[in-house]
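A.B. asks: Two chains, two frames, a set of hints: combine them into the complex.
From first to last, the protein sequence lines stand for chains A and B. Numbering of the first sequence is given in the numbering used here, commencing with residue 568 and proceeding in unit increments. Numbering of the second sequence is given in the numbering used here, commencing with residue 536 and proceeding in unit increments.
It is worth saying that the hints were derived from the structure and are not from the lab. Be careful, since some hints might not be right.
Unchecked claim - Computed cross-link-like contacts, DMTMM-like style, restricted to lysine to aspartate or glutamate with a CA-CA straight-line distance of at most 25 Å:
id: 1; chain 1: A; residue 1: 659; chain 2: B; residue 2: 841
id: 2; chain 1: A; residue 1: 659; chain 2: B; residue 2: 727
id: 3; chain 1: A; residue 1: 659; chain 2: B; residue 2: 729
id: 4; chain 1: B; residue 1: 544; chain 2: B; residue 2: 841
id: 5; chain 1: B; residue 1: 543; chain 2: A; residue 2: 691
id: 6; chain 1: A; residue 1: 659; chain 2: B; residue 2: 658
id: 7; chain 1: B; residue 1: 840; chain 2: A; residue 2: 660
id: 8; chain 1: A; residue 1: 659; chain 2: B; residue 2: 846
id: 9; chain 1: A; residue 1: 659; chain 2: B; residue 2: 728
id: 10; chain 1: B; residue 1: 840; chain 2: A; residue 2: 724
id: 11; chain 1: B; residue 1: 544; chain 2: A; residue 2: 691
id: 12; chain 1: B; residue 1: 832; chain 2: B; residue 2: 808
id: 13; chain 1: B; residue 1: 840; chain 2: B; residue 2: 727
id: 14; chain 1: B; residue 1: 543; chain 2: B; residue 2: 841
id: 15; chain 1: B; residue 1: 832; chain 2: A; residue 2: 660
id: 16; chain 1: A; residue 1: 766; chain 2: A; residue 2: 806
id: 17; chain 1: B; residue 1: 543; chain 2: B; residue 2: 846
id: 18; chain 1: B; residue 1: 840; chain 2: B; residue 2: 540
id: 19; chain 1: B; residue 1: 840; chain 2: B; residue 2: 676
id: 20; chain 1: A; residue 1: 766; chain 2: A; residue 2: 754
Said to hold, decoys possible - Chain A is faced by these chain B residues, among others (derived, beta-carbon under 8 Å):
id: 21; residue: 730
id: 22; residue: 736
id: 23; residue: 745
id: 24; residue: 834
The model shown is predicted, which means the values in this text are computed figures rather than measured ones. No residue lacks a Cβ here, since even glycine has one placed at the ideal position from N, Cα and C.
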Amino acid sequence: MPPLLEITDLSHNFGGLRAVSDFSLTVQEGELVGLIGPNGAGKTTIFNLITGVFRINQGRILFRGQDISAWASHRITAAGIARTFQTIRLFKELSALDNVRLGAFSRCRYSLWQSLRRSPGFREAEAAVTRRAYELLERFHLGRYAHVPARHLPYGEQRRLEMARALISGPQLLLLDEPAAGMNHAETEELIRLVGELKEEFSLTILLIEHQMRVVMNLCRRVTVLDFGETIASGPPQEIQHHPAVLEAYLGRDGELAGGEPGAGGRPPWLTP
Amino acid sequence: MVNPDTLKKLLIWLAAALLLALAWGLPASGALNPYVVQILMYVGINMILTLSLNLVNGYMGEFSVGHAGFMGIGAYVSAILTVWVLPRAWAPFAFPAVLVAGGLAAAAAGLIVAYPSFRTRGDYLAIVTLAFNMIVKSVLENLEVLGGPRGFLGMPRLTTLPWVVFWVVLTLLALRNLVYSNFGRGIMAIREDEVAANLTSVDTRRLKVYAFLVSAFFAGVAGGLFAHLLQFINPRSFSILKSTDMLVMVYLGGVGSLMGSLLGATIFTVLLELLRPLGLWRWVLGPLLLVLLMIFKPRGIMGFKEARLLETGQGYGGGAQGQAAAHAGGTG
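The following block holds chain B by itself, in its conformation from the complex (with noise of 0.2 Å):
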């Protein structure tokens, strides 16, 4: 018998090969016409964004509403340094390396917020990272030297449909590397009961620096996506209102769960496209929808519940049949 993980493995990297070759010939043979093109890089940005949120709100259960702040962090960190740093040449080879920067960046933040949710949780930790929000955009409205409230522009648009696969790729195998782990048994254990987690050796400070850490990085790799769609970005794109729609995705996908997150990200993105004739409108679907949420399905429609093909690590060396040998040998 095939070990089921080993053909999820192959599964996933199957989709993944096809997803890619789909994202680069799609757009270049011009069945997809580039509006659609531009909405599937947003629904992509999204996921990243859900994914990473997911880990602190969803697996940790913490109550993070502050995302947008790291996803500014990673956005304006990325765009200097394809403006100013860097030779425009080099800036479509260098463009992984940029979004990295922009995500340790973001990381580096993630570090000052993770040192609070030591001592506070619940409540008290949605405040701190409230204030952390309006920190981030209160600190680049009053920065004249990138543009202050008016927005820094000249990114060259380098973002493309085959990078935002591929960083979603990266975004939803990592943490599910992560959350299928030591580490991510802790920090479930984190958001289950943080006493006994403790009491069962789980070092929960060491894994909350490290939940915020994953976190905030690919808030800030999204933040470089997104500056280099848009190729403009302003403090306002990076506001409480942003981390909002953030909050809708991960609760209405599902806490817990990355096929959840992928959903909440679609679905969230579409229909507010799809809304479009609204006009301001429909920025009050988010807000509503988080609402209505809450008090009618908190935990979102995966919530807790995972794709099979993403679930992993259950058994050990040959599935099934490990199993069946631990059944065996596990009376002695």
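Extracted from the complex, chain A is given alone in its bound form (with noise of 0.2 Å):
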């Protein structure tokens, strides 16, 4: 059996600043891995090389042993890895119903013409991803958002409908950018739980961006840092918290500020568990 998603060697530039170098890393099904680091670190750009966002110049990435390096964002989302975003990308101007539809849209399989003519199997199949819409609604207690555009939708509801439209397709890897971004000391407590079960509930594989070392500390067993564009270490969160380059990264060679911003005793806030 294959490791879920094997990463070697990837490597990305952005005109000449290397944004990622030589970045290799092994998820194996059912693992919750963190990936941290302060800005421009590289962190989201790897989330859009495993997407093919950016074309793979340098490196291989595998799902489930085989090689998706070349294939369009469409396909791969389709073979089951979902994804969040930093900053919310919702289909503004659709409802919460049809933007948790979208993302079954590789799961519907009717052609131009059985819609056309609104032929039984295409009735069966708007059915069912409908069904599972609402359903999926109700789990992310969005119900009574459904047919209300999701721009008009409170914040933290934009953030979890964005988790229902990544999820009613199924997929077996989950990619969250910065979920706790923008949320307060409550919601970030409630989103944690609510990680935690979504990986129960979805037998989910979970690949996490994260500034906030509580949400990496609660629900991570293994992160790895990157600088830029370098992993710097690797290992359970405990440890890294107290590596030297880690805080080297963070806190620069004489305690000066490189990265995040001062936090109390000279920590930026998100080292503070």
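C.D. replies: Printed below as a string of structure tokens:
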């Protein structure tokens, strides 16, 4: 049985800037792995490389043993890798229901001709995807927003809607890009609980980008730390927290700030559990 | 409780049947004078053009400005068929097939425009479609066999009000079915956020091809109806000015709205007719209206809103009951 996700020697340049450099990561089925690092460390770039937003020039990505390096985004997503975004990217004018139904685009298998004449097969498929979408809206406590355009939803609800959209297709691997961004303490607690629940409920393997150490500490057994595209540390979060290279990446060699903002006790807030 | 979708379906078919009966009966009984019938036919043809352009410009969010190119191809292909290919006696019976042939030819051209849309968006795609329109026009002008700039004539007058109504209803239903399907949602997702669409497994390339194919097909059919109404076509009928008129109708009625398309086509066509006393000046109306709309109401009267009657597929199976069931069963 091959690992669910196997990234080998992945590198990516923007112009002359090396955004990701020789990144390797293996994720086994059922794991919840964290990806942390200061702003601009290349975390989101890695997500964009995994999901085919950027073309891969160096390195290789295997998903369930299959080389997906050259695949188009929609094909990768249809194969079972779903993601959410750092800044919410919902289809703003479309209803919450349609947003969720779009997550199952590749699961709707009928032809253009069938849709034009509303064949029985079309009706069946539409009823099935609509039923499933309502189920997911309910699961994320969004039922009453079903017919509301996504842009009218409150912030937290938009975050949950993104998750519902990602999960309707039944992915095996979920990429969460800073799911706690912009959330207060209580909301973050709630999110930690939710991610844990979803992992069991949907039998997910999760790769998580996060700034807040509290989230990572609570959820992940294994963390990889990036700085300027390089992997500087990898291991359990308790060890990572005290790793000299990690502290240096965030605080600078002489304790000056290089990365995140100053927090209590000279540590950036994301490092405070 | 009756399923609202079933009720709507019944209402739509009733309305369509009634419209067809009226379209047949009124001119025949002499209740409508031929001038009014003529205007109604123009309204219908413009409805087909507006509905089809709205798919690309309103639902998909691209800015195609060369829709008259597709119309022109449909007009010429169908005209060639009835004038040169088919025996005159067959023409009335073969008319639907002739229109479909014109539509298919236009759809083939739609395929050519769909390919650049993979790489370019917005302004750049607008330039591509503009170029397409100009190419179609100048090719027609330089084809001496087709009369060149003097135009092509000799088509029998096959376009009647019932036929126009029939094609309007067909276009409306086809587009409604498309818009409220997986494909329609995907097409709107392209408008909202193309990257996110790809990352929710939407095959955006395939959908762009579909949108341009369907849009061009119906524009081609409208061209065929137009050709067999006027019985004379020339390349100037399918210039950028014609495309501009279609844009006005789309942005007046409302982007991303079927009902808006019907409204836009009706208002614009009737308005243009009422302004006939202004002579040449009335042609200023279209471009001027477009400028004003873009500044003051860029989404039009019905922008992104739909008449309840035309909406479908918001519930499943049992409509409101089905939704209640989902609420009850969705917590597990």
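A.B. asks: With reference to the structure, classify each hint as holding or not holding.
C.D. replies: Hint-by-hint comparison with the structure:
1. A:659 to B:841: holds, 17 Å
2. A:659 to B:727: holds, 7 Å
3. A:659 to B:729: Roughly 12 Å separates the two Cα atoms, so the pair holds.
4. B:544 to B:841: holds, 16 Å
5. B:543 to A:691: Judged against 25 Å, a Cα distance of about 19 Å means the pair holds.
6. A:659 to B:658: Holds, at roughly 22 Å.
7. B:840 to A:660: holds, 10 Å
8. A:659 to B:846: holds, 19 Å
9. A:659 to B:728: Holds: residue 659 (chain A) and residue 728 (chain B) sit about 9 Å apart, inside 25 Å.
10. B:840 to A:724: Holds - the C-alpha atoms of residue 724 (chain A) and residue 840 (chain B) are around 23 Å apart, at most 25 Å.
11. B:544 to A:691: holds, 17 Å
12. B:832 to B:808: Roughly 23 Å separates the two Cα atoms, so the pair holds.
13. B:840 to B:727: Holds, at about 15 Å.
14. B:543 to B:841: holds, 14 Å
15. B:832 to A:660: Cα-Cα ~17 Å, so holds.
16. A:766 to A:806: holds, 24 Å
17. B:543 to B:846: Between residue 543 (chain B) and residue 846 (chain B) the Cα gap is close to 9 Å, so the pair holds against 25 Å.
18. B:840 to B:540: holds, 18 Å
19. B:840 to B:676: violated, 40 Å
20. A:766 to A:754: holds, 18 Å
21. 730: holds, 6 Å
22. 736: holds, 4 Å
23. 745: holds, 6 Å
24. 834: violated, 10 Å
Comparing the model with each earlier hint shows violations of hints 19, 24; every other hint is respected.
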